[in-house]
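Chains as they are written, first to last, in the working numbering: chain A, 1 to 136; chain B, 1001 to 1570; chain C, 2001 to 2427.
Please note: incorrect hints may appear among the correct ones.
Think about it this way: if two alpha-carbon atoms lie no more than 25 Å apart in a straight line, the pair counts; the simulated BS3-like pairs of lysine-lysine are [claimed, not checked]:
{"#": "1", "chain 1": "C", "residue 1": "K2269", "chain 2": "C", "residue 2": "K2053"}
{"#": "2", "chain 1": "C", "residue 1": "K2190", "chain 2": "B", "residue 2": "K1078"}
{"#": "3", "chain 1": "C", "residue 1": "K2053", "chain 2": "C", "residue 2": "K2255"}
{"#": "4", "chain 1": "B", "residue 1": "K1530", "chain 2": "B", "residue 2": "K1542"}
{"#": "5", "chain 1": "B", "residue 1": "K1477", "chain 2": "B", "residue 2": "K1388"}
{"#": "6", "chain 1": "C", "residue 1": "K2255", "chain 2": "C", "residue 2": "K2239"}
{"#": "7", "chain 1": "C", "residue 1": "K2255", "chain 2": "B", "residue 2": "K1078"}
{"#": "8", "chain 1": "B", "residue 1": "K1528", "chain 2": "B", "residue 2": "K1099"}
{"#": "9", "chain 1": "C", "residue 1": "K2190", "chain 2": "C", "residue 2": "K2302"}
{"#": "10", "chain 1": "B", "residue 1": "K1099", "chain 2": "C", "residue 2": "K2368"}
{"#": "11", "chain 1": "C", "residue 1": "K2377", "chain 2": "C", "residue 2": "K2411"}
{"#": "12", "chain 1": "A", "residue 1": "K127", "chain 2": "C", "residue 2": "K2411"}
{"#": "13", "chain 1": "B", "residue 1": "K1077", "chain 2": "C", "residue 2": "K2190"}
{"#": "14", "chain 1": "C", "residue 1": "K2384", "chain 2": "B", "residue 2": "K1073"}
{"#": "15", "chain 1": "C", "residue 1": "K2231", "chain 2": "C", "residue 2": "K2255"}
{"#": "16", "chain 1": "B", "residue 1": "K1226", "chain 2": "B", "residue 2": "K1184"}
{"#": "17", "chain 1": "B", "residue 1": "K1077", "chain 2": "C", "residue 2": "K2197"}
{"#": "18", "chain 1": "B", "residue 1": "K1184", "chain 2": "A", "residue 2": "K94"}
{"#": "19", "chain 1": "B", "residue 1": "K1078", "chain 2": "C", "residue 2": "K2368"}
{"#": "20", "chain 1": "C", "residue 1": "K2170", "chain 2": "C", "residue 2": "K2053"}
{"#": "21", "chain 1": "C", "residue 1": "K2255", "chain 2": "A", "residue 2": "K126"}
{"#": "22", "chain 1": "A", "residue 1": "K118", "chain 2": "C", "residue 2": "K2142"}
{"#": "23", "chain 1": "C", "residue 1": "K2204", "chain 2": "C", "residue 2": "K2239"}
{"#": "24", "chain 1": "A", "residue 1": "K80", "chain 2": "A", "residue 2": "K56"}
{"#": "25", "chain 1": "C", "residue 1": "K2384", "chain 2": "B", "residue 2": "K1003"}
{"#": "26", "chain 1": "A", "residue 1": "K56", "chain 2": "B", "residue 2": "K1388"}
{"#": "27", "chain 1": "A", "residue 1": "K118", "chain 2": "C", "residue 2": "K2239"}
{"#": "28", "chain 1": "B", "residue 1": "K1372", "chain 2": "B", "residue 2": "K1388"}
Calculated from the structure, these hints are not laboratory results.
Listed here are the chains, written in short residue letters.
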Amino acid sequence: MGDVSFLERLHNLQDTYGYIPEKEIVSLAEEYDVPKAKIFGVISFYSMLYTEPTGKFIVRVCDSLSCYLNESDDLVRAVKDYLGIGHGETTEDKRFTLEVVECLGYCGEGPVMMINDKVYTYVSEKKALNILSNCL
Amino acid sequence: MVKINIDGQELELEAGTTILEAANEVQVNIPTLCYLEDLSVYGGCRLCVVEIIGEEMLRPACTTEIEDDMQIKTHSKKVREVRRNIFELIISSHDIDCKLNCLTCARSTNCELRDVGEQIDMQEMRLDAIERNYVDDSSSHSIVRKPNKCIACTRCIRKCEEVQGVGIFTKANRGPETVITTFKDRGMGNVDCTNCGQCIQACPTGALHESYHYNSVWHFLNDSSKFVVVQTAPAVRVALSEGFGEQPGTVATGQMVAALRRLGFDRVFDTNFTADLTIMEEGHELIDRIQNDGQLPMFTSCSPGWIKFIEHFYPEYLDNLSTCKSPQQMLGAVTKSYYAEQQGIPPEDIVVVSVMPCTAKKFESVRPEMDKDVDFVLTTRELIRMIKEFSLDMMNLAEEPYDKLMGTSSGAADIFGASGGVMEAALRTAYEVITEEELENLDFTAVRGTNGIKEAEVEIGDLTLKAAVVSGLGNAKELMERIEAGAEYHFVEIMACPGGCAGGGGQPIPTNQEIVEQRLNSLYEIDKHKSLRKSHQNPEIKQIYAEYLGEPGSEKAHELLHTSYVVRNI
Amino acid sequence: MEEKILLKEGIDIDLKGRGGDTPPAEPNINEYDFFVLEEALNLDREEIIEQIKEAYLKGRGGAGFPTGLKWEMALAEEAEQKYMICNADEAETGTFKDRYLLENVPFKVLEGIIIGAYAIGAEQAYIYMRGEYARPRNVFSKAIEEAYKQGLLGEDILGSGFNLELRLIKGAGAYICGEETALLNSIEGKRGRSRTKPPYPIQKGLFDQPTAVNNVETLASCREIIRIGAKEYKSLGTKESRGTKLVCLSGDIWKPGVYEVEFGQVTIKEIVEEYGGGTRDDAQLKFIIPGGASTSILPAEKLDIPYCYETLAQAGSSVGSGAIIVVDDSHNLFDLMVTVSRFFMDETCGTCFPCKEGNRQVNHILNKVADKGGFSKEEVEIVKSIGRTIYLSARCGLGQTSLNFIYSILKNYPDEVLLGGDKHGKD
């Protein structure tokens, strides 16, 4: 905080652990001399940072207007049904965390789905299930 | 200087003045919610928006500095409409239901939302209530948080962080999920909260209030098998009357004692008595530490907020804390031993209730180190509720004295309610004990006043006693940093709340610097007009040592009046 | 039909059939000529700013503030440290042009950043890119790395004596961070809440130092202005809308994509029909959103206007980010309103009450309305008054524009949205 590297450090922790564990927050709090609550507040502001463990694959499905016009609601429903979880939830086997998100920036190619760092466009229900079933 | 026009009034003010401040100059109090004096400016609630002639958008008065030739309308049609709409929106998600929850709210009589609603003349509510369904946080022994009533003005966050230097609260999430919470939603009882209650003083709504004990107290008052004893802290007598419409600082000691008897307490004791006792014990401890190369500086231990603070953040200094229990705990301890013995009452039949300006005292009373000396702790506000429910016209009650054996106190005890008071009381006694000479000028003015950190050097015989007096935990943090950097003191008084107990988290709302100063003045007035002004001259103190405790620092005294501390994690 | 400036290198712009799954080849720094940068670094700072001012370039991120003026003010500020920030937090629904530039012409963007930093006297620059842009981030990170190796960043750039450090900051998923003051907080490692203005970033920005925040397309355009000269750039477009603009076409359209158009030379209708190939499946065009979800809609019958700042302002909307979202008449208006409303509700930073509570309440009303199939007159009035309140009193642009879409639907289709009214489209 008050440091351009701070966000990057949070990202690195997120990448390392799949979430930002409490012990890391506490040591950041000590290092930056800020309350740990404040760091929790920062992490919770950003949808790509987590304080609880996430699944191996974070599935983000866009449900914003451009994708909605391309039937992203059907895609969202299909993904939810397939994974058996709702927005913000993680499957029991810790494979998937689902996020129904606002705009991923591929509006011309909707509906769009992102799994970890990889973007999939023109995602039909069939394509989605095919991609998800290959996430091992 | 900057020339402006507010609501037709021409005025010239210094550059850097905000519109909010400028409006005050022409006696216009623009409504605010997130703004609170002495805290950083947030600019979130937008209720204070005003119209600047020539601009389409409205601007918040709290953050906008005046500019030359600014023409400001604080109550134009546009402004009034926008304010009402914002207010309506705030209310819609503020846990409104049909269960009379305005009446049952902790802030039913002094809700800032209601004040603003009245101020802006809300005439209708068009919006549906938005249910948020958060769970109340009852994890703390001292404070309850009701997130459904929280409007997220962040005053508690800022108070905790900026004034108290602690920072247990944060804003979490964003959008509609934006909420004020503690680290990982752990709850106030499971984080590094000091229980000081300053967040309650900052909250404009009923989202924060003390953990109530008064219902239990009612219960025992109606239980004839119990002998219910009450004690009242020094700072309560100068604040209680505010609950009955009196000016801040109006003293109501005798009326309060009378009211407590009417409520049904079997004995009414004065925590002042054990304040004097604290001086005997703590003074003895200090002299012992100085004379026998003990751990210095010695920190006072009366303020349970400060105790928890040092346990969390500076545990390496726990040996510097005086081992004396606080006056509240001492009174409980001697009531259940000395008094019980004197009166032939089985200690298990005694219920000790204390009335404190403090929320942290609730936590203190349940510390395992404390042996249940005190059973219930009422804040000043809770006692006001009880007296009101009893429909007593308190200010017109004939004044009554405290009960004997533990009801007499010196003026030195009264000023325990003020930052610097413990120091001053200790100095009065230490001087005479060490030098065996009479102290001529009893007023140590260097340690008085609302400055956060006060330092003084006092000549006591051959010794130049270096003292520091601190109030507010943010200042305590600063002092600890000074000590870590090498500053040396013999004796340091630290109170968790700004101004000392007079500004405590359990005092009537509002409590602000001006009000605290009025309460402090009254405490010093009480002291000034007492003939007994030194703890060691209190006849009841002499009596308890003669009949029961022996000497200060005796084995018996240690057993009953001293305690220990624990290391806590951050 | 009109001049191409930004996309002159003739890159593939029709997205159909390619998409993010199979991204284009990564640009190679050795195949790129940094002659414009070299030219710029030989100019005085003031000369560059004069060029940008003369070209009358307006910010392409959405707010449309004149870039030259911003730089001039930033240059005039006295401070030990100044910052140039490239805003690549593109997240306005319907917008993907910046990603397109970052992936396809990263060196142009890089040149723009260096030129801008040089012009305002900043020796430290950041590009803040939204966290979801993994591939653009990889491409641009590599571009930065290679630029350092080739002496295009770091000390004494191209022997000019100008030093610049550039660092990429990865956002972490928050639309509001595209708002310049929220972006600053985010770079500082804080919650991305907007700051109260004034002071403006050019006065007190990153770490309270003067800071110019410019959009990706804006900076790339600055590079082009230096390349072709302000006079030529200015000759394109109209009086208030100079040069060209990237538009992003999406929605119910045959050929979505990024297209560069010269302001004033083509109508919105032409953009939709000729570039976008018209609405899909021969459905009837209902309306378009001209500049992302925070701009007011234009109904189909009002699209025969030249695409530029002036006409769109006259029509009650705005160029915004250039995201043209095309909507045909097969959709339920209430569902669309709920979708857009949810976006703004979810993405408010949660700081100012009118925006946080207003968007929540409007979403609540819209859900209710969608369930019962129409607004009561009172509900329309309430939504309008909340909209006006947010517009007049919110802390930042996100709030102020958050109800434009809803408001404009109510205004343009009063009969269709009222209970008992004449509803077109499917239910």
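For each hint, the structure was consulted:
Proximity of K2269/C to K2053/C is assessed by CA-CA distance (about 31 Å); at most 25 Å being required, the pair is judged violated. A hinted pair counts as satisfied when its Cα atoms are at most 25 Å apart, and K2190/C with K1078/B does not qualify at roughly 34 Å. Restraint check for K2053/C and K2255/C: not satisfied, since their Cα atoms lie roughly 35 Å apart, outside the 25 Å limit. For the hint linking K1530/B to K1542/B, the alpha-carbon distance of about 18 Å falls within 25 Å, and the restraint holds.
Of the pairs offered as hints, the one joining K1477/B and K1388/B is violated, with about 39 Å between alpha carbons and a cut-off of 25 Å exceeded. At most 25 Å may separate the alpha-carbon atoms for a hinted pair to count; K2255/C and K2239/C exceed this at roughly 30 Å. Straight-line distance between C-alpha atoms of K2255/C and K1078/B comes to about 45 Å, which puts the hinted pair past the 25 Å bound. Our distance criterion of 25 Å between C-alpha atoms is broken by K1528/B and K1099/B, whose separation comes to about 50 Å.
Proposed proximity of K2190/C and K2302/C is contradicted: the alpha carbons are some 43 Å apart, above 25 Å. Note on K1099/B and K2368/C: the hinted pairing holds, with a Cα-Cα distance of about 24 Å set against a maximum of 25 Å. Of the pairs offered as hints, the one joining K2377/C and K2411/C holds, with about 13 Å between alpha carbons and a cut-off of 25 Å not exceeded. Distance check on the hinted pair: K127/A and K2411/C sit about 39 Å apart at the alpha-carbon level, beyond 25 Å; violated.
Among the hinted pairs, K1077/B with K2190/C is inconsistent with the structure: their alpha-carbon atoms are about 37 Å apart, more than 25 Å. In summary, the hint linking K2384/C to K1073/B is supported, as the alpha carbons are separated by about 23 Å, within the 25 Å threshold. For a cut-off of 25 Å, the pair hint linking K2231/C to K2255/C is broken: about 33 Å separates their Cα positions. Taken as a hint, the K1226/B and K1184/B pair is broken in the structure, with Cα atoms around 42 Å apart against an allowance of 25 Å.
Distance restraint check for K1077/B and K2197/C: the Cα-Cα separation of roughly 24 Å lies within the 25 Å cut-off, and the hinted pair is therefore satisfied. The straight-line distance between the Cα atoms of K1184/B and K94/A is roughly 21 Å, inside the 25 Å bound, and the hint therefore holds. Distance hint between K1078/B and K2368/C is unfulfilled; the C-alpha atoms sit about 28 Å from each other, more than 25 Å. Of the supplied pair hints, the one linking K2170/C and K2053/C is violated, its CA atoms being roughly 31 Å apart against a limit of 25 Å.
About 23 Å separates the Cα atoms of K2255/C and K126/A, which keeps this hinted pair within 25 Å; it holds. Distance check on the hinted pair: K118/A and K2142/C sit about 18 Å apart at the alpha-carbon level, within 25 Å; holds. Proximity of K2204/C to K2239/C is assessed by CA-CA distance (about 32 Å); at most 25 Å being required, the pair is judged violated. Between the alpha carbons of K80/A and K56/A the distance comes to roughly 17 Å, so the proposed pair stays at or under 25 Å and holds.
Pair hint K2384/C plus K1003/B does not hold up; C-alpha atoms about 36 Å apart against a cutoff of 25 Å. Of the pairs offered as hints, the one joining K56/A and K1388/B is violated, with about 60 Å between alpha carbons and a cut-off of 25 Å exceeded. For the suggested pair K118/A and K2239/C, the alpha carbons sit about 43 Å apart, so the restraint of at most 25 Å is broken. Taken as a hint, the K1372/B and K1388/B pair is broken in the structure, with Cα atoms around 28 Å apart against an allowance of 25 Å.
In summary, the numbered hints that this structure violates are 1, 2, 3, 5, 6, 7, 8, 9, 12, 13, 15, 16, 19, 20, 23, 25, 26, 27 and 28.
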